[in-house]
Structures are given as C-alpha cells and as structure tokens.
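Asks: This is what each chain is made of:
There are 2 protein chains.
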Amino acid sequence: MTSTAAKPSLDPKDFRNALSMFATGVTIVTTRSGDGEPVGITANSFNSVSLDPPLVLWSLAKNAYSLPVFQHAKEWNVHILSNEQEALSNKFAKKGEDKFAQIALDQGVTASPLLPGCSARFQCRTMFEYEGGDHIIFVGEVLAYDRQPTPPLLYLSGNYALATKKAAAIATEAASDAGAAPSLFSEDLLGYLLGRAHYQFMSAVRPMMHTYGLSEKDFFALSLLSVRDQVAPEEIAQHTAYTGTGVDEASLHSLLERQLIAKGQQGYTLTEQGRSAMAHIIAAAKAQEEDLGEKMGALEMAALRNLLKHTISQTDPGLSKLWKS
Amino acid sequence: MTSTAAKPSLDPKDFRNALSMFATGVTIVTTRSGDGEPVGITANSFNSVSLDPPLVLWSLAKNAYSLPVFQHAKEWNVHILSNEQEALSNKFAKKGEDKFAQIALDQGVTASPLLPGCSARFQCRTMFEYEGGDHIIFVGEVLAYDRQPTPPLLYLSGNYALATKKAAAIATEAASDAGAAPSLFSEDLLGYLLGRAHYQFMSAVRPMMHTYGLSEKDFFALSLLSVRDQVAPEEIAQHTAYTGTGVDEASLHSLLERQLIAKGQQGYTLTEQGRSAMAHIIAAAKAQEEDLGEKMGALEMAALRNLLKHTISQTDPGLSKLWKS
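One line per chain: the protein sequences are L and G, in this order.
Residue numbers 1491 to 1815, in our numbering, belong to the letters of the first sequence in order.
Residue numbers 1491 to 1815, in our numbering, belong to the letters of the second sequence in order.
It should be emphasised that the hints constitute simulated quantities derived from the structure, not laboratory data.
Where hints are given, some of them may not hold.
No copy labels: a pair is met if it fits in one copy or bridges any two.
[Said to hold, decoys possible] Derived DMTMM-like pairs (lysine to aspartate or glutamate); straight-line CA-CA distance at most 20 Å:
# : residue 1 : residue 2
1 : Lys-1707  : Glu-1739
2 : Lys-1799  : Asp-1504
3 : Lys-1503  : Asp-1542
4 : Lys-1753  : Glu-1725
5 : Lys-1564  : Glu-1619
Work out the full structure, taking the sequences as your base and the hints as a guide.
Replies: What follows is the structure, given as structure tokens:
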C-alpha cells in the first residue's frame, strides 16, 4: 500500500473514491426560504457531534444554490432516509423541479419541512457555522427528534447499500464421530443453505397446499397464474422449468379437471376457485414471513430479500420479467 | 410518528439510539504524544468536508484522555477499517493496554502511526479546531491518502455490520395487461424469492443428479449421509421431513438396491459408489457457487450465507445440529 501525496497532485476523483470507502447513511436536509418556499437537498456529510447539548453537523458546498437559504434560515431538519427512500434521495440530489410536490409534510417544531417515512429525523437550529474549505459546516442544536424502526439507506463507494448485522464465526467442522468418513460438504455450502432455508420456510405453507390437494407441480403452475393472466401452456412450462418439477400438459389437464384453472383463447387463467386456493396459500406464506420478520428484524429481512434478488438475477436462465420494474 | 422535544427532557440513551440510525464506517484516529508515544482511538464521527482544499473532520469528546495529545500534536491519521478489523476496532475503543503492541506500522508522511490493512487512510494536519458542545471538532487538511479494495466495516444501531449493494428498485406491480385480475403476490414475497433463488441455483446441479439417476428424495437422503454416518431410518425421515419429499423405507430400499447406501447395525451409510455420486453432485454445487460468487462478490456472498443461516435457525423445527458450532 503506497501513500499518495495529496499535494500538489491530488486527483479529485481518486480522492473522492478513497473518501467513499467510509460508509454513511443518506440524509435530506430541509429548510424554508425567506418567502416560505420549501428547500431540500440530499447530503451524506451528516454526523453526530455532542450529546449535551445535543448537536449534529453536516456540510454544504459554498457554491450550492441553497447555501444562502440555509445561512439565512437558521433552522433546518435532517432526515435519515430509510431503505425505501432511494427515489426520494435521487429526487433531492438533483436541481430544479418541485421536489416537495405530492409530499404530505408532517408538523414539526419549526417551519422547516418535515418529511414522512424516514428512519430518524432531527429538527435543528444553527448553533455554529464553520469555515470548511469549499464547504460550510453547519452545527445545529437538536430541538426535537424521532425515529422509526425502518432500516436506513446506506451509501458506500458511490452506490446505495443495505446493512446486515455481522454474524458470528462460521462452523466448518462436521459433527460426525471421530474416525467417521469426512463430510462431503460443510455448513457453508450455499446450495445447502438455500435449500434448507427454502424448505424450512415452506414447511409452514405446505399444510395449506395439502388442504387444497396441490402437488408441487400444481403449486408452481398456479403461482405463475397468480401473477399473470392468460398464459399459454408452453409459457407455463418455460416459466416453471427452473423448479425441475416438469409442469406439463397432464398437470394442466388435472388442474382444469379440478376447476382450479380455466382455458381461454390466449391461454390459462385462474378460476375463482383457483384464486381462492392460492390466496389462502399465499396468506400462509405471508404469515410465515411475518413470523420470521419478527424474529429477524426488518433490517435483516430487507437485506435477505435484496440478496435473494441478486442471486435470482445472477442465475436467471433468461425468463421474461413477471413484474414491471 | 410523534416528535420528541429534545429539551428539557432529552434522554441521552434515546437520543443516541436515534443518531445511531445513521450508518457510518468505523475509523481509528492516531497521533503521537509529545514524548513520541503512539496514541489511537476508535471513532465513527468522521466525515469528508472539502475537495479543494482536501479536508476531512472528526470529533473527540472534551473529556477524552487523548484530547490534549491531539490538540498538541496537530498531525493525525484517520484509518477507515476493513470488515476484517473488528478486533482492532474493539481494541482501540478501550483504554489502557498498549494498543500498538505487535502492529507493524507503515511509514507515513508525518510521525503519526500509520496502521496497515485498512480500507482507506488519510494523513492529516489540523487546519481548524472547532467548538462542538461536549466535543471538539477537528478539521484536517489531507496531506496524503491511500485505499485498498477491501470491504469496510460498518457501524449501525450499536452493532457492527456489513454492507450489501442495494438491488434495483423493487417492482410491486404485476406485468399483466391492464384490466387483468390483480396479482396475488408481489416480487417481494419471501417464499417466492427463497424458492426461485433455490431452484434456479439448483438448476445447474440437477443435471448431475440425473446423471446418477437420483430423485429429489434420493438426493436428500444421500445429502444427510454425506455429512453423517450410520443414520437410522427414523432419523433420516426426521431430518429430511422439512423438505416435504417424504423420504421413507421404500426410497431407502431403492437406494440400497442401487448400492448407493449400505445398511449397518446402527443405520445407513454411503457406499463408495454413493459417496462418489454425491462428491460429483456437490462439486457441481460448488462450481455454481463459485460462478455466483464471481458475479456477486465476496462481501455479498458472505452476507447471503449469513442471512440464510439466520433464516434456518429461526425456522428450525428442532433438528439436531449437523455440524459442530
């Protein structure tokens, strides 16, 4: 690791890349202009400073359009964005347009706009305004604050990110008796982890599948039709092939006979009966998900979903999208 | 979401909890005392301030033992810790002991101690020292810096964390035609994500299962015997019940006939032939895992394993452990 002398040849982009190794949350800081217009910008330069008195800081570029507004207003709100507010972050990171359009603001202790749905909010009054090179550092006294248990949005190396709790050390030794043949795989084998997590999760859902007399094949075909209408048999086969269960004409015929699906000109569609069965099965899956969410916490659940989506897109055999993006 | 007035009744612990919703990296800041002794502390109050001139800031409690040292020294190094430096973070967060013992320091542009193995480092000289309530804010000019592509350690809500790249915005609307019945579930349904990730992953492994003529049932029984020797039929049934495939006497009998397993006094064990078949199947699973790892990156894979383990332990029907912990 060689040190790069910052002067005289500091490359701003390279320096920024080094700084971006420090992960941060993402905030929107809001205030009002002299004529009452709401103003807000995305910033990740926030940090806590002091507990007594309660102080926080953030910094704003001297050439920022909103600098004089913040300097004049003396009051501002810092919103720590939740993992669901990526779009809001992008909106407030740009200039122009009415950023506050269609946002129902909450009532705060000052006139500064208070955005809903954040992980935490700090309503502040400027206590100090410090020189910071090409930025001004605002140190504010916290007049009021609140928080919600929604996982925050992160920013790291120029990308949005989610956080996951760091796990304890990983076990790699099999619990077999001494002298036994060595294990062929360890607890870290991803295929094992995916399978066991999936099947154990589904064991709370399977009884409901059995109530409606559904096999795995039946279930995969009906799942697809729960999301899409009028699907041709080839398309059903193609979309369920990755399950390895082999949904074919015979399985569709059986579903037709049981009046769980109906055949139209453009393909198969769930009947009311099929829709009702699937609604009950999905309700069981949602109940299991809720139960798991209570044990794991919202942050871990969001990260798990996120990583499963990565896994799905990286192993996708080239299926058309089931949902609009 | 109700606002909590910060004054007069601010609860320091509650306020700190709200502040901790802002994720940060973890740094160690080092300097040398007047008599040349190395000094260092863990801090997460770091942030970038200015590109031109290059400035960063961090804050230190006024009652910190090391405050006078930093105020006198005027030079200090900020180290952004990697995800492998959790122990170092803990060490420098405490008082006493010789924190620098057994650390081979790198050579920097100042006399301040430069720790190896970090995600990024900034060698600084104090430019401003600002009042910040119960803390002093140090703003330093960056004299030199460097970085490594090792994932950084995070701190969020009082816990160490890892970051995972956020997936693209979540689609919740079905891609059906307008006028079609609404989807019964969205792309966020965890059961769907687990299933699709699992089955798509396994689609690279299934051909190898078919090469050896193995059904799902066969595969689950042989998987268990790949990790444990001499397993009684009831125990095999119990340990594979969560898969819903119903491994029974008949399936074990079929495996016996194909000489993939052998029956001993204390239960079933893989034959050499069974072991070889499973070794090939597991090799296919490992190849798929490696392929996925190259696409997703080590950090994401570690986080995914981590979260699947959480999921497994939270949905465990009470099975005995397969591996020692």
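Asks: Look at each hint and say if it fits the structure.
Replies: Going down the list of hints, with the structure as the test:
no.: 1; hint: Lys-1707 / Glu-1739; in the structure: within (11 Å within a copy, 24 Å between copies)
no.: 2; hint: Lys-1799 / Asp-1504; in the structure: neither (31 Å within a copy, 34 Å between copies)
no.: 3; hint: Lys-1503 / Asp-1542; in the structure: between (37 Å within a copy, 12 Å between copies)
no.: 4; hint: Lys-1753 / Glu-1725; in the structure: within (14 Å within a copy, 45 Å between copies)
no.: 5; hint: Lys-1564 / Glu-1619; in the structure: within (10 Å within a copy, 22 Å between copies)
When each numbered hint is compared with the structure, a violation occurs for hint 2 only.
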